[in-house]
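Residue numbers (the UniProt record's numbering), protein chains in the order written: chain A, 1 to 384; chain B, 1 to 384; chain C, 1 to 384; chain D, 1 to 384.
It should be emphasised that the hints constitute simulated quantities derived from the structure, not laboratory data.
Being a predicted model, the structure only gives us computed values, none of them experimental.
Here a beta-carbon is modelled for each residue, glycine too, at the ideal position from N, C-alpha and C.
Incorrect hints may appear among the rest.
[What the hints assert, rightly or not] Chain C regions said to be covered by chain D (calculated; three or more residues, Cβ under 8 Å):
# : region
1 : 97-110
2 : 232-244
3 : 370-381
[Unchecked claim] Within a straight-line C-alpha distance of at most 20 Å, the following computed DMTMM-like cross-link-like pairs (lysine to aspartate or glutamate) qualify:
#  : chain 1 : residue 1 : chain 2 : residue 2
4  : B       : LYS218    : B       : GLU154
5  : B       : LYS71     : B       : GLU56
6  : A       : LYS218    : A       : GLU273
7  : B       : LYS274    : A       : GLU273
8  : A       : LYS163    : B       : GLU178
9  : A       : LYS274    : B       : ASP181
10 : C       : LYS274    : D       : GLU178
11 : C       : LYS53     : C       : ASP69
12 : D       : LYS274    : C       : ASP181
Number of protein chains: 4
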Amino acid sequence: MVTGRSEETSGRIRLGMVGGGNDAFIGGVHRIAARLDDKFELVAGALSSTPEKSRESGAVLGLDRVYDDFKQMAIREARLKSGIEAVSIVTPNHVHYAAAREFLKRGIHVICDKPLTSTLVDAKKLVKAAESSCALFILTHNYTGYPMVRQAREMVANGEIGKIRVVQVEYPQDWLTEQQDFKQAEWRTDPERSGTGGATGDIGTHAFNIACFVTGLKPESLAADLQAFVPGRRVDDNAHVLLRFEGGARGMLWSSQVAPGNENALRLRVYGEKGGLEWAQEDPNYLWFTPYGEPKRLITRNGAGAGDAANRLSRVPPGHPEGYLEGFANIYSEAADAIIAFRSGNSPDPSVIYPTVQDGLNGVRFVAACVQSSARNAAWVKLE
Amino acid sequence: MVTGRSEETSGRIRLGMVGGGNDAFIGGVHRIAARLDDKFELVAGALSSTPEKSRESGAVLGLDRVYDDFKQMAIREARLKSGIEAVSIVTPNHVHYAAAREFLKRGIHVICDKPLTSTLVDAKKLVKAAESSCALFILTHNYTGYPMVRQAREMVANGEIGKIRVVQVEYPQDWLTEQQDFKQAEWRTDPERSGTGGATGDIGTHAFNIACFVTGLKPESLAADLQAFVPGRRVDDNAHVLLRFEGGARGMLWSSQVAPGNENALRLRVYGEKGGLEWAQEDPNYLWFTPYGEPKRLITRNGAGAGDAANRLSRVPPGHPEGYLEGFANIYSEAADAIIAFRSGNSPDPSVIYPTVQDGLNGVRFVAACVQSSARNAAWVKLE
Amino acid sequence: MVTGRSEETSGRIRLGMVGGGNDAFIGGVHRIAARLDDKFELVAGALSSTPEKSRESGAVLGLDRVYDDFKQMAIREARLKSGIEAVSIVTPNHVHYAAAREFLKRGIHVICDKPLTSTLVDAKKLVKAAESSCALFILTHNYTGYPMVRQAREMVANGEIGKIRVVQVEYPQDWLTEQQDFKQAEWRTDPERSGTGGATGDIGTHAFNIACFVTGLKPESLAADLQAFVPGRRVDDNAHVLLRFEGGARGMLWSSQVAPGNENALRLRVYGEKGGLEWAQEDPNYLWFTPYGEPKRLITRNGAGAGDAANRLSRVPPGHPEGYLEGFANIYSEAADAIIAFRSGNSPDPSVIYPTVQDGLNGVRFVAACVQSSARNAAWVKLE
Amino acid sequence: MVTGRSEETSGRIRLGMVGGGNDAFIGGVHRIAARLDDKFELVAGALSSTPEKSRESGAVLGLDRVYDDFKQMAIREARLKSGIEAVSIVTPNHVHYAAAREFLKRGIHVICDKPLTSTLVDAKKLVKAAESSCALFILTHNYTGYPMVRQAREMVANGEIGKIRVVQVEYPQDWLTEQQDFKQAEWRTDPERSGTGGATGDIGTHAFNIACFVTGLKPESLAADLQAFVPGRRVDDNAHVLLRFEGGARGMLWSSQVAPGNENALRLRVYGEKGGLEWAQEDPNYLWFTPYGEPKRLITRNGAGAGDAANRLSRVPPGHPEGYLEGFANIYSEAADAIIAFRSGNSPDPSVIYPTVQDGLNGVRFVAACVQSSARNAAWVKLE
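Bound conformation, chain A alone (with noise of 0.2 Å):
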C-alpha cells in the first residue's frame, strides 16, 4: 500500500549552513528538510553574518562547528578529513552569489535558497561559477518537489493533455497589505538585499519556476505592469505578466503580496488540446485532470491514478495529507541522491530531478525582464 522514498541512513551526508541564524525563517525550514529523510548531517555552520549570532544559533542547534563567516567556513571545511560535503546558503538574497562562490570552488555541494542572485550580473557570474566547479548546484525552487507537480509533469511529457495552448499561474499572498517592519518584510522589500523585484523576485519566480517545469515549455517573451501599491515601498508587491512561449502557448502569471484572503496560493492550471491540469500548492495532494469531453478526475498522492514520478517522492498512504516540508525535503533527497551518486563517480538516476543554476539565471532573467517590460509601459521583453 505504501510505495515511494524508503529511509537511507548508512553514511549520511555532511552538511554546512551559511545563514540561518536564530531569528531567520526559511533556515530552520531547510534543517528540517535536510532531517525528514535522514541522508543529511548538519555539522558546521556559518549562521549570521553576525560573528555572536552566529556563535550563538551554533550553540542552540549543536553544531559541531560554528564560523564567523562562510569564506572562512569554506576553507577550514575544504581541508578537513571529514568536512562538509555540501551547504545550504539561506541567507538573503544578494549573499548568494559570493557564499556561493566560495564553496563551489572548493568542490563543496551547494544547496542554494532562491531566487538565485539578487542582480543579473551574479546571477550569470553564479551560473559560470558552477559550470566550472565539479561540484553540484541545487537550487530549492521547493514547489517543484511536491508528488503532484512531479505528477502534471509527467502527464504533460507523456502527452496526457496534448499540445499546450494555455498556462495560468498566479501566486498571491496577503502579508504585505499593510507596511511591515519585522524582519523577513524589512529585507524582502530592499532592493539592495532583495533584488529590483519585489513580490516578483520573491513568488514570481516560483510561479514562473513551476510553470517551466510542468510544462516544459521554453518562455519565449514577457510583457508586464508591476506596482507598489502600499506607500513607500521601493519594490514591486503586485505584478501583472504575459507571458508566450515558444511553439505558441501563451499565458498569464500574477504574484502579489497585497491580496487580502491569500495566504500561499500558488495555483497552477495548464490546458492543452487534449485536456486541462489543475493544481493548488494549499491543497498539494491532490491533482485535478479533466481529458476533454470526459468528467473531471482527482489524482491523490500515492493513490489511485498517480505514476511513479510522484509516488517515489511519497513517504504516507493516499488521504494523509502530506505538505509544505515534505516537498521540500523532496528537492534535499534529490540532492541527496545526487551527491550519493557523485560520491561514487556516477550520475543519478535519470528519476532524480532537481532546480539548477540554470533554472535560477532563468528565474533572475524573469524578474530582470519584468521590472525592465513595466519601466517600458508593458512592453514585450525577450527571455533570451
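Take the given structure of chain A and dock chains B, C and D to it, following the hints.
Leaving out everything else, chains B, C and D in the frame of chain A:
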C-alpha cells in the same frame, strides 16, 4: 426567515420576443427568466429570420401573435391597444441594433441580450436610439443579477474592503476546444454575426461587465493578447488582458473557450486596502469575504451576513441554492419594476438596478480595444 | 450542447391551491415550481383557513376563483366545465389528508407537500383514498427532482457501484438552534399540526426518502435516538437513526435542526461492492463517483458523464447552476407529463417518475418508527 | 509571522524501537515523527519478532545496538549508562502489552502505537503497569497532534460553541473493500493479533478518541451495529455507533474500511448551543467555526483566528500546509517536552498534552463495548 423578492402578479407586462425560435438556446432562458416571478406574459413574437420557423415556434409556444419579421411586429404591436409593452431581443449579435431601433422608436421597452451589438458603430447608434427614446433599455448581463454579486457590489460601495488595488476576473469555458459545427458554435465564431471578438465578445464582455459592476471602477486602458488556437477559427478563442482603472487599480482578465475542465467558470476576485472578496458563478450562493488580518468568512445568500442588496433578489432560504435562471430572472424582475414605475410616470426605487445601453457600449468598446491592442502586439489602448 | 427539458406550453394544466397564503413559505415555492416550465396555470385557490386571508392572498395572486375553504373549492371546481384539473396542497401537515380526500374523490389530481400526513392513521386513510380514486397523487419530495439525484439512481440501477453495503444520509439545519416564534417554526414544532416527529418529520423524511429513492433498497427496520435539545420543545430537533435494509445493507441517518453552520445540508453517500457515490443538496449540480481503485470523478449536470435520467430534467448547460426551484419544478413537470398522459388515457413515459402516496406512507411510518424506537431506548422497530 | 514550535537540539533523547522492521508501515512514520523536530535520536532496536529481520533492518537504519527481542533489549538498555531513555512500540496490537511492561518496569518511557492492546484484559494490566512505573506512557493517537484539532479543543474549552449537544465523527476508508492479502491488511483483519474489533479497533478508536479529546465530554454508553461485509472477514469492516455522553450530548460514529472513494476521511463535527466546529483530517490546516447566526469562518493554522494551542504546534506560515507527519511529530514533541521535564524532576508545562494509557484503555473499552453491543443487536452498553 425567508426574505426577498415577492410575487406580484397583477397586471403582468405584455412581452414580445425577437429571435429565440425552436433551436435557439438563449431564447428559452429569457422566457423562463421572464416567467419565473410572474411579472411578464409573452404574447407576441418574431422568433426567427425565417418566417416559417417563426410561425412554427410561435405555435409551439402558444403565442397570441406571431410575425414574420421584427419590423412588422414593431409596427403592428405599437398600434394595438393591448400591444406589447416590452420586447426581448435574443437574436445573434449583428441583428441587435436594427431590431432594437424599431421598438425603441415606437416607445416599446427593449430587453436585449449581450453583447450590445457586433460592431462599435452599431453600438454607438444604439446608444443614440435609446437616448432619444422614452422607452427603457435593459441589457441582460445576467450575472449582475446574482444576489451575491449584488452583495459584493454593496460591500465595495460601503467601503468594507477599502480602496481597491487589484481586480482578477476570468471566464474560462471548454466547449470550443475542438472545432464545432452546431448552431450555437457556428454563429458565435463567425465575425459577421458575432463581431470581431470571439471569446472576448461572448464571455469576455461578461467578465469585464461584472468587474466594473462590482468594483464601481472606471476602466482606463487595456493591453490584450488574443489567440485563435483552433485551426481555421476566425475569431479569438482565448484572451489575456491587462487592465488599468482610474485611481490606480490594476486588473487581469482571462476569457477562454479552449480550457478543458472549465464549464462556465466565471470568477471575480477583488482586493482592496482593507480586505478581499471572491465569488464564482458555478457556486453562486456564496461570497468569500476576508477582512485583512481576520479569518475568511463565507457569506451565504439570504443567510447571516447578507445585506439588503442581495436579500431583495432572493427567493428561498439559505442552503437552498438558487442558480443561473434565478439570476437571469432577477434582471427581468428589475426590468419589470422599472417598467411598472414607468407606467405611472415614476422612477423606479433606487435599489432597482439593471445593465444599461451604456454598459453595452462599454462592452463593445472593450471588445474593439482588445482586438486593436492585440493587433498592435498588446499595446495599451484607451477605453475612451 | 443543451439537452433536456423543453418547454411545452399548449394546453396548460389548470391548477388550484390549498394553503399558501401571503405569509406562507412553501406555497410560493410551489407556485414558482408550477410556473417554471409553463405547464400549469394557477386559476383557483383556498389559500388560508381564514376566509379573509384567502381572499386577500387570492387577490394579490390575481386568481380567477378564490374560495373560503377547500371543501367548497373541491365541490365547485369539480362541477365547472373548465375547473381545475389538479390541486396543490401546501397546508400544515395535519390538514393534508382531509384536503386531499375532497379532491381525490372528485377526480382532481393532487400534488401534496410532504410529509404525507401528521399521523399514521391519516396516512393509511390517504393511501386508500388515493387508491380508490382515478386521479393521480404526487408527493413533493422535491429533492428527488434534482437531476444528479436521478443520475445517482440510474447509476445504482445500472450496477455501477455494485451491490450496496452502506448508506449514509444526513439532513442537518440550524434554524431551530434557539427557540423561534415565527410562523414557520411555530407549526413545525407543534405536534398537533406537524405530527409526532419534529426534525424527523420535517427533514428526516426527506433524507429517508432520498436514500430509498437512489438506492432502490427496501428498509427493514430502524433504531432511533431522538432528542429535543431546546428547552420546552415538544418534538424532536435532532435524530440519530440506524437503518437496516433488506439484503443486508446498513445505514445511518442524521437529521437535525440544531447544528449551527448547517443551512440545508442534505447529503447522501452510498457505497457498494464496486464503487461509491456522493451528493450534496447545497452543491446539487455535481455527483462524485468513485469506481473502486480509480480516481474520483466529478459528474456534472448536463455535462460529460451525465446520462439520460439527469439530462431530461436539465434546462441549461453545465456550469450554469440549477438549484432548488428547478429541482422542485422537475417534480411539477413530471406531474404535468403524467397528467397530460392521463388526459388522453395513457400511461406516462416510463422515464417519468415522481414520489407517490406510498412513498408518503413510508415516510410517515419512518417517523412513527423513530418515535416508537426512541421511546423504547432505541430498540429496533420494523418498518412493516 | 512564523510562530510555533522551535527547534531544540541539545541533548536529544535516546530512543529505541520495538517493531518497525523493513516491511512495516507505521514504524517508518514513527521514525520520521521522532526525527522531525530533532528531539530524539534512534539508537537501538528490536525491530522484528524474527531476529534475522531485526538485524537486517537495524543495519539499514544504522542503529548502534540491535537486539533479537524486546525483553533482551529492555534488560540490557536499562543497564547501560547511555541506554535508551524511551522506546517506541510499533508492533501489531497483541504485542503492545508484553513489550511495554518490560520497559515500564525498568523506568524507560514508552511511546506506544494505538490501539493500546488487542484485549481488554491486557489493557487493564497495561494501565496498572504504567501506573506503577515512574516512567511516562504516551499513546500515539496521532490525530490529536494536528494543530487545528488543538484549536478546536481550546475553543470548546473556552465556551465558544456553548454547551455541546451533538457530536458527529466518522472515519471511512476504502482499502479493504475487497479481500487483501498484503501484510498491513493481513494482521489487521486477524482477531488474534488485531483484537476483536476490525475497523472499530484500527480507526474507530481514532474517531472515538478525537471526539472525546476535542469535546472533553465523558462517553456514557453506546449502541453499535457492526458488519463484516467482505466474505470471510473475521472482524468488522464497517461500524455504525450511537453515542451518549454525560450531560446529555449525543453522538454518531461511523468507521468503515469498505467505503470506496474514502482514503482516510476522518472528520469531526461538534455542535453546541452557541456554535459549531468542523474539521477534516484530509484538509487538516483549516477549522470551520460558525458562531450561531453569523457567517462561517475559516480559521487557518498559524493564521488569523488561530490561538496558542494550535500555534505552539505549528512550524511554517499559514498557507504552507503541514500534514500527517507533522501532526504525528507533534505527539513526539509533546512526549519529548514531558521527558525533558522528567529528566529534571519537573512536570511539563501545562500546555503539553499527549494521549495517555487511560485514553488507551478507553479506546479498548470502546472496541469491546461495540462488539458486545452488536452481539446483543445494538443494545446499549455502558462505557463504565
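Outcome of the hint check:
For the region 97-110 of chain C, the assignment as covered by chain D is violated, since 0 residues bring a beta-carbon within under 8 Å of that chain's beta-carbons and 3 are needed. Look at the region 232-244 of chain C against chain D: 4 of its residues bring a Cβ nearer than 8 Å to a Cβ of that chain, three or more, so the hint holds. Closer than 8 Å: that is the beta-carbon criterion, and the region 370-381 of chain C has 3 residues meeting it against chain D, so the requirement of 3 holds. With a CA separation close to 17 Å, the supplied pair LYS218 (chain B) and GLU154 (chain B) stays within the 20 Å bound.
Pair hint LYS71 (chain B) plus GLU56 (chain B) holds up; C-alpha atoms about 19 Å apart against a cutoff of 20 Å. Among the hinted pairs, LYS218 (chain A) with GLU273 (chain A) is consistent with the structure: their alpha-carbon atoms are about 18 Å apart, no more than 20 Å. Straight-line distance between C-alpha atoms of LYS274 (chain B) and GLU273 (chain A) comes to about 41 Å, which puts the hinted pair past the 20 Å bound. Annotation: proposed proximity of LYS163 (chain A) to GLU178 (chain B) holds, straight-line Cα distance about 13 Å (limit 20 Å).
At roughly 18 Å between alpha-carbon atoms, LYS274 (chain A) and ASP181 (chain B) fall within 20 Å of each other, so this suggested pair holds. For the hint linking LYS274 (chain C) to GLU178 (chain D), the alpha-carbon distance of about 9 Å falls within 20 Å, and the restraint holds. At roughly 11 Å between alpha-carbon atoms, LYS53 (chain C) and ASP69 (chain C) fall within 20 Å of each other, so this suggested pair holds. Of the pairs offered as hints, the one joining LYS274 (chain D) and ASP181 (chain C) holds, with about 18 Å between alpha carbons and a cut-off of 20 Å not exceeded.
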